[in-house]
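Participant: Residue-level listing of the chains:
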Amino acid sequence: MSTSAGQKGEVIVETRNLTKTYKDFWGRSKVHALKALDLNVRRGEIFGLLGPNGSGKSTTIKLLLGLLFPTSGEALVFGKDAADVSKNERIGYLPEESYLYKFLNAEETLDFYGRLFNMSAARRKSRIRDLINLIDLDWAKRRQLKEYSKGMTRRIGLAQALINDPELIVLDEPTTGLDPIGTRDMKDLIVRLRDQGKTILMCSHLLADVQDVCDRIAILHQGELKELGAVDSLLKVQDITQIQAKNLTPETEEAIRKLIAESEGELVSMENPTATLEDLFLSIVRDSDSRPGFVSHKEDTPAEPEADAEQPEEPAVAE
Amino acid sequence: MVVDQSEFESFGFWLSSYMVDFAMLLLFILVGWAILAFALAAIRNSPGRAAKMIAGTIKRAFIVDFPRTSIRRTMAMSRLAIQEAIRNKVLIIFVLFVALLLFAGWFLDVENDHPARLYLGFVLSASTYLLLALAMFLSAFSLPNDIKNRTIYTITTKPVRAHEIFLGRVFGFAAVGTLLLVLMASVSYGFVVRGLDHEHTIDKTAIEWDESTGLGTGKTSLDAYHRHDFTINRNLEKADGSDGLVGTTELAKGHSHNIYLRDGDYIVGPPTGDLLARVPVYGVLSFLDRYGQPSEEGGLNVGKEWTYRSYIEGNTLNTAIWEFENLTEDMFVTSNSKSVLPLELNLRVFRSTKGKIESRIRGEILLVNPEETLRNEERFSAPIPFEADEFVTTQVNIKFSDIRRQNPVTGELENIDLFRDLVDSGKLQVHIRCKEHAQFFGMAQADLYLRAPPGSFEANLIKCYLGIWMQMLLVILLGVFFSTFLNGIVALISTVAIVAMGMFAGFIGDIQTGEAPGGGPIESIVRNITQQGATLELEMGDTAIEVIKSLDGFYLNTMESLAKLAPDFSKFNMSSKVAYGYDIHLDLILRQLVTTMVYFFVLVLAGYFILTSREIAA
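Chains B and L are the protein sequences, given in the same order.
Numbering-wise, the numbering used here comes out as the position in the first sequence, counting from 1, plus 176.
Numbering-wise, the numbering used here comes out as the position in the second sequence, counting from 1, plus 33.
Simulated from the structure, these hints should not be mistaken for lab results.
It is possible that part of the hints are untrue.
Claimed, not checked - With a straight-line Cα cutoff of 30 angstroms, these simulated DSSO-like cross-link-like pairs (lysine-lysine) come out:
no. : chain 1 : residue 1 : chain 2 : residue 2
1   : B       : Lys-211   : L       : Lys-85
2   : L       : Lys-122   : B       : Lys-301
3   : B       : Lys-326   : L       : Lys-92
4   : L       : Lys-92    : L       : Lys-271
5   : L       : Lys-389   : L       : Lys-271
6   : L       : Lys-92    : B       : Lys-211
7   : B       : Lys-256   : L       : Lys-432
Unchecked claim - Pulled from the structure, derived: some chain B residues nowhere near chain L, Cβ distances all over 12 angstroms:
no. : residue
8   : Gly-255
9   : Gly-333
10  : Val-413
11  : Val-444
All C-beta atoms in this analysis are idealised placements derived from N, C-alpha and C, irrespective of residue type, glycine included.
Work out the full structure, taking the sequences as your base and the hints as a guide.
Facilitator: Structural data, given as structure tokens:
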């Protein structure tokens, strides 16, 4: 339904001079949540709205979904006004918190949302099976959501956003509440969905998430658009060249240093890179999953203490 | 039993007179919404944008949203509402109801003279109040909870139309309420039937026999706090001594029993006549004054504040006249082919002299041809005597063969044919007079009627429950409507206020027109404080009275206008008809259905516009 429709690069979401001012009962302006925002989100890209809390990210998303009405300007999705309910046929939305009915179980939840898309029973059944497998909740599909952990609720929230195989997926803080594995899975899934031709609009204040997955970003601050463009070009530092090489001897490193000095360049740093904590954590957990009981960092384990020796202040990293 | 005057109007007449009211209601709601939505949108945006939004909403409603209504989506919302209600343990209401019935013996008067009325009134009232309370809570809190918990975000971002959200909730809660009502009705029926069921025995040795007539009399055993006088006719016993009906008991506590001969013993059968659905054929009431002249003012007022009934004076020409229409001969043929005109009277008796207080007051019935061009001798039947007592239903079954007229020539009584001599084009007048000096009969239009063949009690009970169901649906509609723009508790209070207003609309109107004495709220408070009776002229300074009446007038006018917008819930309550054993006419059900449908469409439309006009995430 979704991937084949439309051309890559076609504008899916458009805001024109989109402004939202919250007013009090007497019509006096209280908060200027969004000021004359102009944005385009194109088919097949992952677009990130980035900004600190209160910058207008969620307001923009709510305006695009018709949950709020603009004070002025326009919000268009698939060329239709945001207040037009029919646009929702092609949208999947994951709210900031997974606002779901806690008395339903996973299957009932997805079945309910499938019905809202007027899906036939057979199609609902197959989508529910696929999505429950996708989010890896087959083992808990009959449990009421009130028994779910935050991460599980987030995953079922994502599944409901995908129930209609949407063309545009709107994700509000998609990694909130997820552990590092869940976060990585979510980011992988977002990229995979983009690769399947979906358009993704996400907002987050977690810079690493946005950097990892987004093709283009808009940075908002105090309701104003401060920066807009491709992540690569925005983050590119033009006057610094980074070279990464494996298996260099100290002599070769020294030769490189000399070469830089001879060509009047300035060596900023030359060191062995460190992995991110996320990479380290994921490698430990995956290793542990594949070899239960195996302790990887024996050298950090304190030696058998002597009778009068002091106890270590911190426990070992991995037990 | 009090019957509202509007019940005598035909459905067609009622519909034509209420169409304007319904149209006004629709107009009021829509124009009210447009003005309010425009004002709010203009404050939050600009007048130009507000007008554009309103126009866009109306256009989208009729061109896009309503035509694309999806039954599957609506049913999904209903399913959710049902699951929510059931998992919130609403069925506990049924348990509460059963507990009420189990312990009913603690608070119901088991020695009441009319146990059927008591039991039916109790179960129907309990079902109504419990169900309406449940409907109010379910409907008023559901949508605000969804908005508060933001679960509504995952609904409104799907292709769900606002009216589907509204309808889904209404249908879902109605389904839960229906299930509860069916359960309550089933248990109630069992409770009433079992509660009324009892047995008596007859002590054969205590029967007093009149050998000359073959009639035996006596009293049954004391069971269920009563006993019956009975009469057994030995002549009915079969020669071979086989089983059969041999007598009946007198009426006690609203029922009687048949007596059977079985294996040589007299057996008292189950109670009969307490669960009825009498079908009354009503006539139009008018009066002649004490000189026999048509009275414009109606009957007399004997000083009672409640003016529902008028009175006629005894031993004068003061007459109450009921004129019946569309009578046909086959309406009165009984199963044993004897034609009987079955009259039933619920007259009130007002005694201005004590006399013999135990004795009934005598009256007479005259069957009269309404064709006034005939001579009086031809028009009037001979008087048929009867006796009436306060709060007692008097049955007068006039056999066709007993209807006589005085021959104008010979002066002797002669038999006449009811339909040939007295009924003119299906019309017949029944005149009632009181025959005792200084005593009065009181009556309203519904107090004398012809009894058509009775309907089924069970069918009547179902009709009554249909009325309760429609009340429940209206309450749900109101609750969901208010919850589209108010928070839960305010929506609940608003629903309660509208229901109360609808229930007391007639009373508010009576106060406003002065028919109910005592004035408005301020005047009533003043009267209470200064200890002045409600029917007396208010004694205060002219200016003070003017101010009080003006303030009351403004308040009552406002209340009456608001009450006109509310559905008249009192018209849906038919429990007294079932309890008193009267069939609920189909016209009444039709009126309620039409009223419910009108409110359904108006409130769904209003709910749609409010939901589409509000910012869900604001």
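Participant: Which of the listed hints are not met by the structure?
Facilitator: Of the numbered hints, 3, 4, 5, 7 and 9 do not hold.
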